[in-house]
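So the sequence lines, in the order shown, correspond to chains R and Y. Residue numbers are given in my numbering: position 478 of the first sequence equals residue 478, and the series is strictly consecutive. Residue numbers are given in my numbering: position 249 of the second sequence equals residue 249, and the series is strictly consecutive.
Since the hints were derived computationally from the structure, they do not count as laboratory data. A hint or two may mislead.
Below, simulated DSS-like cross-link-like pairs (lysine-lysine); rule was C-alpha separation at most 30 Å, straight line [as the list claims (entries may be wrong)]:
(1) R:138 - Y:58
(2) Y:177 - Y:112
(3) R:274 - R:138
(4) Y:6 - Y:58
(5) Y:51 - Y:65
(6) R:274 - R:336
(7) Y:65 - R:137
(8) Y:177 - Y:58
(9) R:87 - Y:58
(10) R:138 - Y:20
(11) Y:6 - Y:234
(12) R:412 - R:385
(13) Y:72 - Y:58
(14) Y:20 - R:141
(15) R:87 - Y:177
(16) Y:217 - Y:228
(17) Y:51 - R:137
(18) Y:234 - Y:184
(19) Y:6 - R:138
(20) Y:228 - R:137
(21) R:141 - Y:58
(22) R:87 - Y:217
(23) Y:112 - Y:58
(24) Y:222 - R:87
(25) R:141 - Y:234
(26) R:274 - Y:112
(27) R:137 - Y:58
(28) Y:228 - R:138
(29) Y:20 - Y:72
(30) Y:72 - Y:234
(31) R:412 - R:482
Since the structure is predicted, the reported quantities are computational estimates derived from the model, not experimental observations.
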Amino acid sequence: MKLGLENFHFAGGFSVISKILLGGVFTLLLPQVLSAEQIRGPESIEFFDRAMRFFEMRDHSVRVVALGSVLIGISCGMMGSYVVTRKLSLFGDTLSHAVLPGIAIGFLWAESKDNLALLLGASFAGFLGVACISLLKKFTKISQDSALGIVLSGFYAVGICMLTRIQKMDFGNQSGLDTYLFGQVSALSTNDLIGVCASLVLITLFITLNYKELLISGFDPEYARSVRLPADILQYLLWALLAFCVITSLQVVGVILASALLIIPAASASLLAKRMSSYLCIAASLGAISGLVGAFLSFLGERLPTGPLIVLTASFLFLLILVFRPHHGILVCWVKSRLQSHRIAMENTLKAIYQVIERHNFSETSIRMEELMQRRNLGSGECMKEVNRLSRSGFATASLDPHSPSGLPPEKRVSLTPKGWEYACRIVRNHRLWELYLTNEARYAPDHVHEDAEKIEHVLGEETIRELERILSNPRRDPHGKLIPSLVDIERGWLG
Amino acid sequence: MNNPHKPLEIHDLTVSYQRKPVLYGIDLEIEEGSLVGVIGPNGAGKSTLVKTIMNMVKPNGGYVKIFGRAPKAGISRIGYVPQRETVDWDFPVTVMDVVLMGRYGHLGWLRKIGETDRRIACECLEQVHMLPYANRQIGNLSGGQQQRVFLARALAQESSLYLMDEPFAGVDAVTEKTIVSILKEMRDRGKTLVIVHHDLASAREYFDHLLLLNMRKVAYGKTEEVFKPDLLQKTYGGRLSILSDMASKSAGVRVIEKEAYFTEK
């Protein structure tokens, strides 16, 4: 069964809508559950007290909570890496929702929050959900994403109804089953912790033993089959472990957001890692951090649902990585594009100064500011800013004209330093060489080449220039008859 | 090298999708050390033939034998290069990782990648001129480079029979030349290569044997015996009327190609 989720957006939207709708129904049916999730009054002294308690880790319960959420973060991060790289994100979401009726059945069976019964029930429901998806896929024309959506919301609805009934039963009220919806880390027991540990050990063992097999079958399933690798068996084992991982993490993250802990840390890792091993490490550490911070925040706010807090932490980490990661991060890209646009503006001003000097037949070494403003088509303020930027980089100097007519304020003049002159010549040269190349070699009409050259002049490298010169055999005039400053001119420092 | 069995033997093979035959009564025997091009129009069953040999599609009749064995057992002796699009190129693996995947058949479960495997992978990368890119993530490569990595993985497999599905699809002229020279060199070392190819113009130049396929086997034999206007006409039906010109003018084809190459640059 191949899980390509091309229409992911649609299905994602569907699951969001179903969540909102069901959430609405749920709110109406279960007011007592929601009220139980709220903070019991703002007590600031207790706030620090609780924070201290968490960090000192003296309490047994705090240790269980911290350890449990970190371990869950690690196993979800690792499983999530495989879920995300195999494009099974929605599959994890479906699985976590589908186990809810199983939990309810397990509870009814044992008439208490017996871990084993809940686990068995959840596993049963999870596998039933997977079977439903497979059957829908096999016997109908329904696409993968719709099948996932149907199973996700259908099972979840059944689960909610059953849970509502249980809440109204005699033994139901104290059950704490509601913790399975949003997650409640403080309800984590030592027994739960054993389950969490077991799932982490199983996952780690599975991944270390099958690392290269998982890599091959994930990257290139067809090739995997060709080397007689049991890709299907691996896939089923992966699903089974995924179910186990989700079920053991429900207590902490909750049914509704369980898939977030699978998807978000792994998606963050995909922004950073270029190999599967580092992918796994990053996802596991991000999962651990999210789990710990989420648990801590939940602990502070006494019985604040843990799931949303963990997801918030994970999302925040994702955002941080998105903005600050090296090479392609939003910040790096922004800085790069800022620097580039500054450079282009500077080069355009240098070129404009050159062109004005050229119009005066190179008779003067400085030009009036007004001429530059006209040439660059800028206001005086902006033009001054450009000139200041040039003089800061040592390309130009601004001065007041001593020979301006008396009675009037002295005129501002701009002149290029030798360094600036060389730079300006190079840009003009790039521009005109490119124009010539386009007309001579690519058969452009002379009136079509200017705009293109305006962009290309800033990105032509030294090597390309040498090649252009070779192809055009060191030309002196551009298509419009203007002089192309040669290397000798640039070195001599002056033209005309 | 003295293998009594042919690398690839196909007898009366029929494959159909939903009762529509795609391949019908195909007989084929490929000798060791031949470089075979499989050509035919779109929908002629070229990919189906590959998939059947690779045991991904079950035939309705007839059989495939790989070195005298059924595909299920024989496929481990095939170096398979799937079409480039079948793979997720954003997957977190480096070029080196992909080439090392070629060593899997020699390792098996629980065995670690050793020094020898790494050395072989490096040599294979060197052969396709991709060694400088060994630590790149595969998503950062051009189409031609990706195809060369695939070829390096196939080389690392050290198989005796290679099956490649459209290795020239969407690659640049330089890569195409590199791949062809490597394929010829592999043949000279006694490997058998079966290559699905879409471009009739270059088929004559690249392969020493051709299989003309259009649901049925139209012809199989040495290129100079098979690359005949009447046979090609039969393969492509009326769909390509310029075919007869093509065959006689194939000397001019190289010139056209060169021009295309320069305008690309």
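Problem set entry | Structure versus earlier hints - violations, ascending order | Violated hints (numbers, rising): 2, 3, 7, 8, 15, 19, 20, 22, 23, 24, 25, 28 and 30; every other hint is consistent with the structure.
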